[in-house]
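Protein chains in written order, with the working numbering: chain A, 1 to 441; chain W, 1 to 300.
Do not take every clue at face value.
What the hints assert, rightly or not - Computed list of lysine-lysine pairs in DSS-like fashion (alpha-carbon distance at most 30 Å, straight line): (1) LYS208/A x LYS280/W; (2) LYS49/A x LYS62/W; (3) LYS159/W x LYS277/A; (4) LYS58/W x LYS49/A.
Treat the hints as calculated values from the structure; they're not laboratory data.
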Amino acid sequence: MFENLSERLQATFDRLGRAGKLTENDVDTAMREVRLALLEADVALPVVKNFVKRVKERAIGAEVTKSLKPGQQVVKIVHEELIETLGDPGRLSFSGSTKPHVIMLVGLQGSGKTTTAAKLAVHLRKEGRQPFLIAADTYRPAAVDQLVTLAKQINVPYHEEGTRSRPADICANGLKAAKDGGAAVAILDTAGRLQIDDTLMSELEEIKRRTNPAEILLVADSMTGQEAVHIAEGFNQRVGITGLILTKIDGDARGGAAISMREVTGVPIKFLGTAEKLDGFEVFHPDRLASRILGMGDVLTLIEKAEAAYDEQEALKLQKKLMENQFTLQDFLEQLQKIRKMGSFTQMLGMIPGMNRFKNDIDEEDVEKRLKRVEAIINSMTATERNNPKILNASRRQRIARGSGVEVRDVNDVLKQFRDMQKLMGQLRKGRMPRIPGMMR
Amino acid sequence: MGIFRSGLSKTRQSFFGRITQMLGQSEIDEDTWDDVEAILIQADLGVATTQQVMDDLKTRVKREGITRTDQLQPVLKQILRELLDFPPPMNISGRPLSIILIVGVNGSGKTTSIAKLANRLNRAGRKVMLAAGDTFRAAAIEQLQTWGERVGVPVIAGKPGGDPAALVYDATASANARSNDILIIDTAGRLHTNYNLMEELAKIRSVSRKVIADAPHEVLLVLDGTTGQNALQQAQKFRELVDVTGVIVTKLDGTAKGGMVFAIFTELGLPVHYVGLGEKVDDLVLFNPDNFVDSLFDEN
Chain A
1 MFENLSERLQ
11 ATFDRLGRAG
21 KLTENDVDTA
31 MREVRLALLE
41 ADVALPVVKN
51 FVKRVKERAI
61 GAEVTKSLKP
71 GQQVVKIVHE
81 ELIETLGDPG
91 RLSFSGSTKP
101 HVIMLVGLQG
111 SGKTTTAAKL
121 AVHLRKEGRQ
131 PFLIAADTYR
141 PAAVDQLVTL
151 AKQINVPYHE
161 EGTRSRPADI
171 CANGLKAAKD
181 GGAAVAILDT
191 AGRLQIDDTL
201 MSELEEIKRR
211 TNPAEILLVA
221 DSMTGQEAVH
231 IAEGFNQRVG
241 ITGLILTKID
251 GDARGGAAIS
261 MREVTGVPIK
271 FLGTAEKLDG
281 FEVFHPDRLA
291 SRILGMGDVL
301 TLIEKAEAAY
311 DEQEALKLQK
321 KLMENQFTLQ
331 DFLEQLQKIR
341 KMGSFTQMLG
351 MIPGMNRFKN
361 DIDEEDVEKR
371 LKRVEAIINS
381 MTATERNNPK
391 ILNASRRQRI
401 ARGSGVEVRD
411 VNDVLKQFRD
421 MQKLMGQLRK
431 GRMPRIPGMM
441 R
Chain W
1 MGIFRSGLSK
11 TRQSFFGRIT
21 QMLGQSEIDE
31 DTWDDVEAIL
41 IQADLGVATT
51 QQVMDDLKTR
61 VKREGITRTD
71 QLQPVLKQIL
81 RELLDFPPPM
91 NISGRPLSII
101 LIVGVNGSGK
111 TTSIAKLANR
121 LNRAGRKVML
131 AAGDTFRAAA
141 IEQLQTWGER
151 VGVPVIAGKP
161 GGDPAALVYD
171 ATASANARSN
181 DILIIDTAGR
191 LHTNYNLMEE
201 LAKIRSVSRK
211 VIADAPHEVL
221 LVLDGTTGQN
231 ALQQAQKFRE
241 LVDVTGVIVT
251 KLDGTAKGGM
261 VFAIFTELGL
271 PVHYVGLGEK
281 VDDLVLFNPD
291 NFVDSLFDEN
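Given these sequences and hints, build the entire structure.
Below, the structure written as structure tokens:
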């Protein structure tokens, strides 16, 4: 599993031992990792190939910014290209159509069309447009009942004719009923079907002819694998889709199907289904989905925050100190302040891939309080003490405890943490990856 | 083989139909490996399994002195076949009442699979009863009831929004009273990442355990055949919480390849019991790895 593309890329670059401009060789090596990461995220192979080609062109010769390592630089390019590929969030468009505008939902069995129809109705009503639901799935047992139950639940008018009429007739009749009822938008819930099922695809064509939809939205499961390209192509060729809705995005699938479908159809992603509850419906954000596909949480936001909090000169100075083991309590204090500048601890933890699950275990207030206490303790020390903590004898510690309003053992704790940190720096110098002590206790 | 083959014919054409085309009869070179890898990846085998198969294939090709692309297919076929196995018989005999619990994410095809399974068992002379444990999704109870009528098996249902665990209790008592010998429990679709709903599922399982000590006797995870790599995470999570004993893979009548079956069996040891090949009540067939791999290799 690729927990973090950024880390993997950095490891690759560390092996190469390069810095500065990205050479073609660097990029080739990196692209292999990118390719694997995208395949792991279920992006379809032909789409991966095109994508990697585009990223490569952008990456070769790209200047590595001072604050980013080459691996991070490549991730940034990949991420940007991914956002571009995913495109802007698509809005519903009813131009050139008369009321009631028709939205036709199509897709495979079990992709979530009926639930989406109800969610879409709620969404439209929030926007001030009167929705209307039409139950055209006459195949799946109780599909009509399901839509009717949902319509009643959200108090939206609907049309149904049971399961005996032809779906195209139901849609045409439903549209008349919607018009008579003064609805602004009629949503057609069609039966799930395979894109290769000729009979059922013809049925969709007929429904389209008779209702002239302003929007034909493909409802697709975000957990779909390589099959995504065939599904999207199939539906697009037969009925010409105008947009995508990705469902079940609240699972942990990486959602590579989104890129596959977007790339082969060129139509925008319009909404995401985020939960089974009827308000679990969101306008799509390309940047969030891009991060998710790369399996990097919001690591980019973290990179940006780190960029903002540190400047290059300071970073170099700190690095030098660390290397020469001159890291003092004063430096410790400054680092703490920078970390606090970057945002709340749990917020940051949530941005780090794989750390999200610890988020709930941490008492934010407690962490903040502790960080503040450490700051107060160091602030109560003299400059000499901060630069040479060895001189901190019992009476000095008592004075510091009084000055910062804590117990002596709190002062001892901070000093212990500081020594741990020094040890950790020592390990870092020797090239080992240490555990971070203190924070998680 | 019959139905299994016809259902998988599309899969076959798009999967190994191409391999013969692509591989033709020429010397093995870098492109050959790329082509084989592409085929495996596009069948949703996943990066890890694909790499494992590729390594294995390369080793055997070297060892056996194979140089031509047309000799690759039987070796590849053998490697893939060795990764799979026949499912063991389901543990649903030798006691007055056996319980099968059906679980899975939303829209994977649980209810339809239950109807098909009930039909199979019914025709095999078993006395099947269904419990409509999906009390959450609108009209899920009606859906199961409609199927029950079509297949001719009784359905025990509670109220929409009711406690599914309580229903399981009632259904078990009812099955015993009517001397049914198999009870299949439908459950609401839930994403494996939803902690509360997964806990609820664990509760359903423990309730059935209170009624019959070693129940449920089978816990079958229904997986959508079009699912990609996430299928493995689903299987892991459901196994962790409710001790899944096997898998039903649905929607393999399309062009989907169902390649995630390999990882689920090799990494989690979960056997595939049945494959869903359509919406009709007969479209559920026993998983047979020979047929599975054979059908994939047949050309027409």
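The hints, checked one at a time:
Using a Cα cut-off of 30 Å, the hinted pair LYS208/A and LYS280/W holds, with the two alpha carbons roughly 26 Å apart. For a cut-off of 30 Å, the pair hint linking LYS49/A to LYS62/W stands: about 29 Å separates their Cα positions. The suggested pairing of LYS159/W with LYS277/A holds, with an alpha-carbon distance near 19 Å, which does not exceed 30 Å. Between LYS58/W and LYS49/A, the direct Cα distance comes to roughly 23 Å. Compliance with the 30 Å bound is thereby established for this hinted pair.
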